[in-house]
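**Student:** Top to bottom, those sequences are chains D and G.
Just so you know, we're using numbering that gives the first Met the number 0 here: the first sequence kicks off at 0 and counts up by one.
Just so you know, we're using numbering that gives the first Met the number 0 here: the second sequence kicks off at 0 and counts up by one.
Derived by calculation from the structure, the hints in this document are not laboratory data.
Among these hints, one or two may not hold up.
Under the rule of at most 20 Å between Cα atoms (straight-line distance), these lysine to aspartate or glutamate pairs were calculated in the DMTMM-like manner [unchecked claim]: (1) G:Lys49 - D:Asp19; (2) D:Lys49 - G:Asp60; (3) D:Lys49 - G:Glu237; (4) D:Lys231 - D:Asp201.
Small disclaimer: the values here were computed from a predicted structure and weren't measured.
There are 2 protein chains.
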Amino acid sequence: MSAADLDARDPLAGIRAEFDLDPAVSYLDGNSLGAPPRRVADRLDDVIRKQWAGRLIQAWDDGWWDAPERIGDRIGPLIGAAAGQTVVCDSTSVNLFKALAAAVRLQPGRDEILVDARTFPSDGYIADGLAGFTGHTVRRVDPVDMPAAASERTAAAVVNHVDYVTGRLHDMPAITDGLHAVGALAVWDLCHSVGVLPIQLDGCGVDFAVGCTYKFLNGGPGAPAFIYVARKWLDRFEHPLTGWAGHRDPFAMSSDYTGSAGIGRARAGTPDILAMSAVDAALDIWDLVSIEDVRAKGLALGDFFFECLDELLPSASVLTPRDPARGHQVSVAGTAAQLKALAGRGIIGDFRPPNVLRFGLAPLYTRYVDVERAVHGLVSVQTG
Amino acid sequence: MSAADLDARDPLAGIRAEFDLDPAVSYLDGNSLGAPPRRVADRLDDVIRKQWAGRLIQAWDDGWWDAPERIGDRIGPLIGAAAGQTVVCDSTSVNLFKALAAAVRLQPGRDEILVDARTFPSDGYIADGLAGFTGHTVRRVDPVDMPAAASERTAAAVVNHVDYVTGRLHDMPAITDGLHAVGALAVWDLCHSVGVLPIQLDGCGVDFAVGCTYKFLNGGPGAPAFIYVARKWLDRFEHPLTGWAGHRDPFAMSSDYTGSAGIGRARAGTPDILAMSAVDAALDIWDLVSIEDVRAKGLALGDFFFECLDELLPSASVLTPRDPARGHQVSVAGTAAQLKALAGRGIIGDFRPPNVLRFGLAPLYTRYVDVERAVHGLVSVQTG
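From just these sequences and the hints, can you work out the full model?
**Tutor:** Printed below as a string of structure tokens:
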């Protein structure tokens with residue numbers, strides 16, 4: 000079937016109109032920065048001109064202060080988290096620090112942290128940064144080897160749900176169970192899976208998770224991240240970033256810190272309302288679509304990408320698995336110069352060293368014609 | 000002189016038009032949340048519709064990635080920091096954690112952190128949170144007693160430049176010198192002084208400082224904070240929130256962390272561009288005014304507040320010092336019910352437990368008539 004036919008039959012095709020995208024551009028980097036939902040600009044205008052200007056300080060009582068928990072609970076259904084376990088705040092890196100710091104506190108006597116050796120580097124840097132203060136050993140392990148590598152020495156392990164280079168999707172139930180079998184806590188990084196595939200944090204018994212909102216959730220460049228703390232740990236989730244926003248009664252201005260009874264204790268400083276509001280507006284899209292439909296289209300876009308490569312560029316070195324154990328990207332060996340040449344043709348992907356071209360497939364707005372065009376572009380820059 | 004006459008002679012009176020404020024409201028809480036600069040809404044619209052939508056991922060290379068340092072250097076002149084020592088990122092609480100963590104690392108063998116006993120509580124919570132991981136003792140000391148209390152055991156001391164309850168301005172040169180005399184590092188919290196009075200961090204030899212941008216800098220609710228690291232410490236500023244944005248070469252995706260050579264090493268996660276852009280737009284006001292003129296008007300507004308109280312409400316219990324060793328607020332004993340009654344009359348201040356009404360004086364938009372109205376309101380709610 001042609002790309003145009005596939006687009007014509009795509010039940011999500013109409014959703015693209017929700018985004019402010021130039022039709023002449025094939026944007027295939029939604030796995031790095033999501034496209035702007037049209038409603039974000041209007042929402043921010045409203046927050047600034049009506050809430051901030053209109054209500055001034057009083058707006059904090061009109062829903063601003065609780066925005067982190069409220070928006071967290073809007074992300075909950077996408078990650079299989081019942082209400083009250085997810086909060087939007089800080090960056091992914093800062094939230095991972097909280098999660099790992101809390102994890103090692105819960106695991107006295109265990110002196111090791113395992114880190115997905117293929118994860119986005121920031122996760123490893125954060126584990127190293129924490130370990131520099133706590134004295135833990137950080138060991139980098141391929142996720143598939145994680146259950147075998149974990150032992151009674153392992154306090155916690157961080158795994159990225161989707162490999163940011165290859166797009167490989169890791170087995171959350173099996174890895175989580177494997178870690179739990181030796182008493183290690185499982186911390187998942189959902190940056191590359193949230194908003195494209197169904198996730199079952201509660202169902203898998205995951206302990207903690209973090210993720211960003213600026214990729215497939217389209218919350219804006221560097222938008223606030225989220226953190227999930229399983230209900231069973233909420234009472235004992237103790238991290239050192241004990242800013243006033245995590246206090247049980249912040250406006251009492253007590254000199255002693257007592258963490259909030261719920262997920263709010265994962266908060267640190269004053270929430271950034273403009274940034275939060277952009278995330279909130281971007282999440283409205285989930286009133287229109289289901290994660291199952293998004294997942295189905297994402298796999299179909301990937302399958303179509305592979306078919307086009309097989310047909311038009313059989314020499315391509317493809318890093319992304321063809322089976323469904325993958326996220327929503329296709330990675331092909333290539334050079335930074337090729338990426339630049341593609342951009343000149345209106346095809347926007349990204350490059351990761353040393354030699355990977357990544358093409359993100361964001362089902363809310365990526366078209367089959369974008370995939371076809373990317374492969375034609377690759378043919379041109381890799382064989383032309 | 001009447002309030003109207005004072006407003007008519009106010010050289011900063013015209014600046015109020017830069018803000019989106021209802022003329023019928025006397026907004027006296029700019030020390031908690033600054034008023035919205037008109038240009039912020041337009042700037043965000045531009046960032047979303049032109050930069051994000053127009054350039055997509057490529058906008059990161061067009062100035063987004065370096066925004067934290069660039070905007071930090073715009074704050075530099077307000078805090079007496081030469082270029083390259085200030086960066087905008089994260090929240091004040093998170094930045095204070097970085098500063099204290101780096102300070103205790105620089106001071107092996109010193110087992111104590113002093114915290115301003117009157118500081119905004121979050122600072123103490125953060126010190127306690129860090130100490131819970133490092134084993135340091137946290138001791139709360141009144142800032143005026145800080146030099147005497149510090150000893151060779153003291154790794155660092157955190158002092159708030161302006162007491163958030165009373166408005167007392169603390170003596171930065173004397174306290175900093177006193178701490179240095181025993182080898183302790185001085186960490187200043189500038190939340191309540193930045194944007195209202197001249198600060199000389201470099202001149203005072205301050206080691207580290209943090210501050211927010213959502214009070215007198217008008218960057219928006221919960222806007223990103225800043226952190227200052229004195230040049231002499233930049234090479235050795237090691238904090239544990241080692242996210243990729245602080246890496247010397249983040250896009251190399253190395254598995255090892257090497258901090259940036261400059262102030263960038265104080266960054267952690269991906270910068271929030273929408274939030275940063277609001278701060279950036281709000282800082283444009285400093286192209287029109289000088290901090291010296293702002294300071295002069297702030298003291299004059301305070302003096303006028305005291306005069307009105309003396310004349311109209313001599314029974315008022317005033318907590319703010321009358322000498323110029325004060326920030327830009329006047330605090331009066333009162334109740335939450337009185338605050339609410341004032342709000343019903345269009346006079347917006349805030350309440351801090353157990354019994355303090357605070358009235359912020361933001362010279363960029365506060366009018367003498369606002370002060371007069373506040374005092375008339377106080378007369379009514381406290382004696383009526």
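**Student:** Hints the structure violates: just list their numbers, smallest first.
**Tutor:** Numbers 2 and 3 - these are the hints that the structure violates, sorted from lowest upward.
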